[in-house]
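Peer 1: Sequences are here, hints too, so could you generate the full structure?
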Amino acid sequence: MTPIDAAAAAVARRRGPSRRRARAGRIFVAPNLTAVAVFMLFPLGFSLYMSFHDWDMFSPAKFVGLANYRSLFAEDPLFDIALRNTVVYTVGTVVPTVLISLAVAGVLNRKIKGIAIFRTIIFLPLAVSSVVMAVVWQFVFNTNNGLLNIILGWIGIDPIPWLVDPKYAMASLCIVSVWRSVPFATVILLAAMQGVPENLYEAARLDGAGELRQFVSITVPLIRSAVSFVVVISIIHAFQAFDLVYVLTGRNGGPETATYVLGIMLFQHAFAFLEFGYASALAWVMFAILLVLTVVQLRLGRRRAAQEERSWA
Amino acid sequence: MAWEFTYAGLAERGVLLDLNTMLAHDKTFAAELRADSVASMYETFTYNGGQYAFPEQWSGTFLYYNKKSFAEAGVRPPPGRWDQPWSFGEFLDAARVLTKRDRSSRVSQWGFVDTWAPYYSALMFGMNNGVPWSEPRMNPTHLNFDDAAFIEGIQFYADLNNKYRVAPTASESQSMSQTDLFTSGHAAMALGGHWRYQTLERAPDLDFDIAVLPTGPKGHAARSNIGTTGLAIASSSPRKKQAWEFVKFATGPMGQAVIAETGLFVPALRSAVRSSGFAKAHSRIGNMAVLTGGPAHAEGLPVTPAWPKIVALMDRNIGPVLRGSRPAASLTDGLTPKIDEVLRTP
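Sequences listed follow chains L and C, in order.
With our numbering applied, the first sequence covers 1 to 313.
With our numbering applied, the second sequence covers 1 to 346.
I should point out that these hints are in silico values taken from the structure, not numbers from a laboratory.
Ideal Cβ positions, reconstructed from N, Cα and C, are used throughout, including at glycine.
Here are some of the chain L residues that sit facing chain C, going by a computed Cβ distance under 8 Å:
id, residue
1, 58
2, 142
3, 252
4, 254
5, 268
6, 272
7, 273
Over the 12 Å line for every Cβ pair with chain L, so calculated as not near, a few chain C residues:
id, residue
8, 74
9, 201
10, 280
11, 293
Taking lysine-lysine and the PhoX-like style, the derived pairs with C-alpha atoms no more than 25 Å apart in a straight line are:
id, chain 1, residue 1, chain 2, residue 2
12, L, 167, C, 338
13, C, 280, C, 67
14, C, 218, C, 163
15, C, 163, L, 167
16, C, 163, C, 100
17, C, 280, C, 68
Peer 2: Right, here's the structure in full:
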């Protein structure tokens, strides 16, 4: 064996196991990939295809071009209402969620006795299914005997018809939604806060900064990427709201159109009216809106980070 | 199982088998069924020339009333036959006397509660003011929300809780369902159908009977509705013959007699409704004529494939009327054009 042969053999030996490892890797990934293809890519492609068709599930689909999109934007007065409601719901959920979870995470980040118990309690709602949650909140919102109105009664406020009156229905929905989203946001923010180096706080304390000042000037800027992650995720969740609304205020997004959000509209068209093409078009419009929102947000986040780096340098 | 409101959409899409194709080969059964059926119920499932189901039960609405509450208040019990109508005024007077308040003016007993879907019930009052929901019944292009008498009936229903305060509002029935209010003796009259009978029969200390719905000033007679479910066969079924045998059994005299004896439904066939088994299963009811005469005194509700959309529209538009924030007359301009548009282009 010449030295060259020996070298080639060595390379082959080395390549053997690595190639085998690569194959094993592919086999391990295959089930996952199949699942993604079957349960994600196929439905996505299928719904895009369907959005250009008129399909009621029973008769063959009929190609209608952009007609579904056209009637969604130009002819359906309920689309505007649903979009407006969804925006109100999203803002009404995301802003309080971020503020409350920042505060809660800040408090939970302290080193005090029994903090583990408080953390567990805060995270509990995460484990409750949203339907169960909605049913429980229905009792809370009960006009005559609900917990909320009883408490408000103590400070002299007359019973409020939370879920019955269109004026209050959306507010009720936001309250439940915030209650549901805070735990997840808190977990993320708390994890990020624990990654903030302790010596920064020490330095700040030496400079005479109080707790609040430390929180605003050190904690919040240093966990900005976590905050923006929470904002993006919360927006996506809120935009797709369905289960909470369905259980709390009914399948038609009532009273009247007070809680008629895009998720309810989509469900109604697909499963009550059997207009799967129209519902698919709506789903893709929702997707497009979310995509644009997310991209804009990430861009803004990146630009801000770059600016900061420059200012530090 | 096919429902009068939703089968049209399925029939139109070719999901349901036209049972006439089976009847054509089964002349004896066809004749037997024809002779024993109530025409209006049978025809509920006749759509565009096909027969897409056979009725298996009548589930029209009527009133349940608490005999004890009526006796204690000295109010004459409501009539128990469809050919003996009572007026909206008499009904309201009774409900007023039967609504009791405690010292803190909280209601301890309501005169009237509704155990059905409120917007459907509102339309029942419109119908009992002499106006059908739609003309024609099958595939209508217009519903009568612009008819003054129909609107008057709906307004009367809405006023029961908002103006006369004899019925609980949506808020007031949040903590206890309207059915529970009646079973626990906190309501004197309840609108509902036979589907509530099993629950009420089991309620301890509840002595009740049934009565006909009140008739409005423009109404001609007391009316219930043709609420019905039927049995259908899927047109793609690989076992049509076996399915046909079952449908024949369940909707024919034999199966209907079994249904009658169980007391679970009001059977659709006349022979079964009049059977001693049916009477025995309802021994607690005095006014059996409300059930036995119901189908013949019932009017049909619109049958259209666009029904799911109509329901969504009604829910959205009748809500404010029932809450008292808008008059029923607002439906004439607010709801009618939208419904007509849906009916024209489903």
